[in-house]
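All residue numbers for the sequence shown refer to the UniProt record's numbering, where the first residue is 1 and numbers rise by one.
Hints are supplied without guarantee of correctness; some may be wrong.
DSSO-like, lysine-lysine: derived pairs with alpha carbons at most 27 angstroms apart [stated by the list, open to error]:
#1 K439 to K345
#2 K295 to K274
#3 K242 to K274
#4 K340 to K329
#5 K345 to K329
#6 K329 to K439
#7 K439 to K340
Keep in mind the hints are simulated off the structure, nothing from the lab.
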Amino acid sequence: MTAVWPRADELGLLTDLYELNMAQAYHLDHRRGEAVFSLFYRVLPGQRNFAVACGQEHAARLISELRFPEEQVRRLAPLGFRDEFLDWLAGFRFSGEVRALPEGSLVFPQEPLLELRAPVAEGQLLESLLMNYVNLETLLASKAARVVLAAGDAPVLDFGMRRMHGLEAAWRSVRAYRVAGIQATSNVLGGLTFDLPLRGTMAHSYIQSFDDETEAFRRYARDYPGTTLLIDTYDALAATDKVIGLVRDEGLDVGALRIDSGDLAALARAVRDKLDGAGLSRIRVVVSGGLDEWKVADLVAGGAPIDGFGVGTEMGSVADAPSLDFAYKLTEYDGRPRLKASPGKPVYPGAKQVWRQYDGEGRLVGDEITAADEERHGEPLLRTVVADGAPVVPPPDPDAARERLRRELASLPAALRGTARADAPYPVSFSDALEDLRKRTLDRLP
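Work out the full structure, taking the sequences as your base and the hints as a guide.
Written out as structure tokens, the structure is:
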């Protein structure tokens with residue numbers, strides 16, 4: 001193990017112990033029947049009206065490459081696993097099928113983001129890995145999409161790396177943010193890896209390192225023409241006057257002024273007035289500092305003259321809803337429907353399909369969850385991405401995912417795009433055949 005995150009050859013061990021225990025039990029008991037596992041979430045948290053499916057196609061490709069090298073298998077021996085099971089692990093190759101929603105799809109409670117069909121031990125081994133992977137990117141994309149909606153036409157920049165929950169989350173967040181419509185990031189490795197434009201301004205520490213704020217602005221603007229200057233270290237309005245003087249008297253090229261604290265709306269208006277009065281309407285005003293979708297929406301609704309939003313902690317930590325109630329449930333084994341009976345936590349048996357339905361003008365009107373072999377009008381969302389253990393489609397294109405999300409959000413009723421929980425949720429229904437299968441399965445439970 002490295003000091004940063006697990007190496008690729010350790011990834012198989014990034015699981016819960018009971019997954020390995022169950023996989024061994026299946027193996028020792030010769031329970032090799034084909035199973036269907038469904039990955040979905042049960043309820044929307046807080047004020048949410050939708051989630052954004054993100055990470056499921058990448059996760060499917062990941063499991064097609066999953067291996068248990070001999071060195072890692074040996075680490076399990078002291079835990080009491082049998083040699084024959086460890087030999088099986090050493091030769092592990094996923095052999096099943098995965099169907100998944102397209103990246104960037106809106107996804108609602110009970111809808112499978114991913115369904116896996118494989119020998120039961122294989123499917124069981126993958127539970128923790130799949131849930132962790134899909135949960136993170138779906139959470140981040142869902143939160144970021146709400147911020148982007150709240151910002152309207154103004155761009156949103158990701159400033160969240162420093163307060164995110166771990167280095168891998170900070171790195172992978174950038175991919176989710178690209179899907180969600182974030183326009184740039186300060187995260188260098190994330191931006192380079194996932195091809196999101198990099199943007200950076202300055203910290204208060206740079207200003208503080210100088211005895212004179214004007215000199216700090218002068219040096220930085222000369223080093224980085226067109227840069228954004230942070231003006232609230234001492235007095236935002238006095239700093240604005242200093243920048244105006246530098247631009248007017250020395251011809252320095254400044255692209256934007258950033259406000260990171262205080263009454264952002266009032267300060268943005270005052271700064272904008274000063275810039276416009278000096279004939280510098282080309283210099284933009286951007287704000288940051290504890291922003292989330294509600295604060296951004298309030299600033300936009302109040303008409304604050306803000307040209308961009310830097311959003312960090314609240315988006316990166318998904319502070320209002322840091323988890324989704326994801327479940328990974330066995331819904332079929334050896335050709336027979338299966339479910340867990342629990343009050344308040346309904347599970348529908350069998351393999352499924354999700355049909356997205358539109359009206360004549362292309363607006364979303366509802367989804368229907370059916371058995372996999374049913375046909376409906378509308379768009380079938382679950383498609384095969386892995387067959388016989390190997391990917392059968394190209395890697396997901398983040399630009400296509402971004403465009404899909406943009407299109408679906410634009411097709412949602414306006415109330416569902418807002419920051420508050422809508423009075424009427426997005427309609428999701430279950431087919432009569434699926435309801436009947438659930439009833440018959442419940443009736444047969446021991």
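So, going through the hints one by one against the coordinates:
| no. | hint | verdict |
| --- | --- | --- |
| 1 | K439 to K345 | 15 angstroms, holds |
| 2 | K295 to K274 | 24 angstroms, holds |
| 3 | K242 to K274 | 11 angstroms, holds |
| 4 | K340 to K329 | 8 angstroms, holds |
| 5 | K345 to K329 | 11 angstroms, holds |
| 6 | K329 to K439 | 17 angstroms, holds |
| 7 | K439 to K340 | 12 angstroms, holds |
Consistency with the previously given hints is maintained throughout, with no hint failing.
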